[in-house]
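Trainee: Hints given; two lone chains; assemble the complex.
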Amino acid sequence: MYIYLRILGMSTSQLYRGSLSIIILKLLKENGEMYGYEITQRVKEMTQGDLTIKEGALYPALHKLEAAGHLTVTAKKVDNRVRKYYDITPKGKQETVNRLAELDEFLANMQRIINPKLSF
Amino acid sequence: MKVNESQIAELYAFTRKHYVEHYDLQTELVDHLAMAIEKQWAKNEHISFDKALQIEFKKFGVFGFMEVVEERQKALSKKYSKLIWKHLKEYFKLPKIILLLILTVVLYYLIELAIVDRLVLTILLALSLLAYVVDAVIHVKRNKAKKNNGEKKWMFEEIIRSYGSGLWLFFVPVQGINILNSTDVEFAVKSPVFIAVFSFVFILLLMVSYIIQFEIPKKAEHYLEETYPEYKLVD
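So the protein lines, in turn, are chains A and B. First residue of the first sequence? That's 1 in the working numbering, and the numbers climb one at a time after it. First residue of the second sequence? That's 1 in the working numbering, and the numbers climb one at a time after it.
For the record, the hints were derived by calculation from the structure and aren't laboratory data. Quick caveat: nothing in here was measured; it's all calculated off a predicted structure. Check each hint, because a few of them may be wrong.
Distance ranges between label pairs, derived from CB positions [unchecked claim]:
#  : chain 1 : residue 1 : chain 2 : residue 2 : range
1  : A       : P90       : B       : E45       : 52 to 60 Å
2  : B       : L99       : A       : D79       : 17 to 25 Å
3  : B       : K17       : A       : N115      : 48 to 56 Å
4  : B       : H18       : A       : A108      : 41 to 49 Å
5  : A       : L103      : B       : I84       : 30 to 38 Å
6  : A       : K91       : B       : F63       : 27 to 35 Å
7  : B       : V133      : A       : Q41       : 55 to 63 Å
8  : B       : H18       : A       : G49       : 52 to 60 Å
9  : A       : A108      : B       : E226      : 14 to 22 Å
10 : A       : I113      : B       : I98       : 55 to 63 Å
Positions of the beta carbon are idealized from the N, C-alpha and C atoms, including for glycine.
Chain B extracted, bound-state conformation (with noise of 0.2 Å):
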């Protein structure tokens, strides 16, 4: 006896009601619990579809999906974090290096020059702010125009979206101008290297930045079926 269609959509809004909101564990889930379903019908055909789920779901342990929910999490963040590290260490090769290193010097001259004149700064400030709102505003788009695409979760296509809306990375740029205009100018001014490993790590921050907000969600189709092979069998 075979687990029919009706019985599959129970099974994932079972699994729904057990706290897996993720479309891609679901069906792993799901497909687990037919096959282990299936065998037991094999062995008895009198027992009951929901008798037989329940002794299956049993076997997950007191806390059911939560484990697997959880971990799937862990090792989901772990993937996207070594993503960004891929990404990042493209500008460390040609021809993005250049870029970084362009970059960097601006940020050096701008700041020397900012040292100088207040006014510079100030600008500098603004334009950081004014980067915000830009980006705030187009987050809001894109995520309005996903949400309306069903209802199937995927959990990595989440983190991709969460932390690519993750505004307050662009605080970090104003921060970093922050610091420099209300400490250690004098420090700055004596200290040209300080000013070089400031400007380096500034302009490295944001292309992690740009890394989260703009490369990786650009790709993002890419890196779903690479991570879910089954996102193109359904739909």
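So here's chain A without its partners, still in its complex pose (with noise of 0.2 Å):
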């Protein structure tokens, strides 16, 4: 994907944007409830440090998902601050599920473009 980007004239970090919804949402679905600053983390960990989420953008991508009902919060007193965990709910499933089904067909149609296959 990284190399279609830049064939594209993109850059990550403005495509991934877009997607950091759907990185949110999956997060959650496969490791259960997470807070803020673990998310940027794991991301960071699983892209081996390629990608950053952006403060700023992380924590009014989880607002919007919140207010939409994808996904509830809950408080718990760590050491001597408050913790919020975000956790996803069943109507954010629904939408991971939809949404990775928009994104497959998206990557695929860019495999069409940028790599036709000549059938004869």
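Mentor: Structure (structure tokens):
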């Protein structure tokens, strides 16, 4: 995907920004509840530091998903402070499925455009 | 090395200095910054608290916390509109729909009467104004009581209270009567359908005002706890 983006002349961060909510939903679906900082670190680990989520974009995305009913929040007292954990709702799970299907379709179409298979 | 109590207080002050007014957002950002600073210390113990904080703050970009605050406001406004819808939908189910229909019918006949008799219209207008004044007094009292209640501000609470004291809402019904009064009364006389639709919309608007001013603020604690699980953890 990285290469395709380069070809398209888009910066990776631009495209990922649009996909941030999918990344969040998918992570929560697989890992269960997480807090903001944990999400940034997990993404960094998974992409070997290639992709870092901007803090200024992460929280807006989390709050938007929460307002839409895709996430729920719980709070726990950890050390000497309060930590907010996000978890995915059934509605959010459905949304993940839909959005991943969309993304798959998008990638498949990009493949077709960039790598047309010649058939005779 | 862990971020200590007084440093947490410093972080709260730091978020306030950078225009994060509301305690809910402050808390989330403070935890984030504290985690990130601890992570830096794990790599390099000698880095100072202030230096580590500056490094982390830079990661939020040139606008600092502004975007986070703005987007939070948007998300919560959306949540609030949804809440109004949820309440309004109740008026289309039993038993509340009976109230809605009865009020519509009553208003319908009142308007019919009013067309015959201007006095009724004047009384209606006077009643609306009276309701407005009473409402204003209630809100001034309520807000005063609220202000003495500590200094932690919760964004959703502010949205509920500020819309809840949206006195302009009561102007909507008053305006409605005005419009009916000054414009096409002839048309209204001829068309019962017009009066019926007008009555229904008018009552619906009244219901929305009622929801915003009374129903939601009354359940504010419940909605706040739902929005802010940390609401109960502090204080």
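Trainee: Per the hint of 41 to 49 Å, is the separation of the Cβ atoms of H18(B) and A108(A) within bounds?
Mentor: 44 Å, holds
Trainee: 55 to 63 Å was suggested as the range; check whether the CB atoms of V133(B) and Q41(A) agree with it.
Mentor: This hint holds: roughly 57 Å between Cβ atoms.
Trainee: Could you tell me whether the CB distance from P90(A) to E45(B) stays inside 52 to 60 Å?
Mentor: 45 Å, violated
Trainee: With respect to the beta-carbon atoms only, verify the hint that A108(A) and E226(B) lie 14 to 22 Å apart.
Mentor: Given a distance of about 40 Å, which is not inside 14 to 22 Å, the answer is violated.
Trainee: Okay, K17(B) versus N115(A) on CB: inside 48 to 56 Å?
Mentor: For N115(A) against K17(B), whose Cβ atoms are near 52 Å apart, the range 48 to 56 Å holds.
Trainee: Is it true that the C-beta distance of L99(B) to D79(A) lies inside 17 to 25 Å, as the hint says?
Mentor: About 51 Å separates the Cβ atoms of L99(B) and D79(A), which means 17 to 25 Å is violated.
Trainee: Starting from the range 27 to 35 Å, see whether the pair K91(A) and F63(B) falls in it by beta-carbon distance.
Mentor: Given range 27 to 35 Å: holds, Cβ gap about 31 Å.
Trainee: Regarding I113(A) and I98(B), is the given constraint of 55 to 63 Å on their beta-carbon distance met?
Mentor: 60 Å, holds
Trainee: Given the range 52 to 60 Å, decide if the beta-carbon distance of H18(B) to G49(A) lies inside it.
Mentor: 28 Å, violated
Trainee: Within 30 to 38 Å or not, the Cβ separation of L103(A) and I84(B)?
Mentor: Roughly 34 Å apart at Cβ, these two residues keep to the hinted range, so it holds.
Checked against the numbered hints listed earlier, the structure breaks hints 1, 2, 8, 9; every other hint is satisfied.
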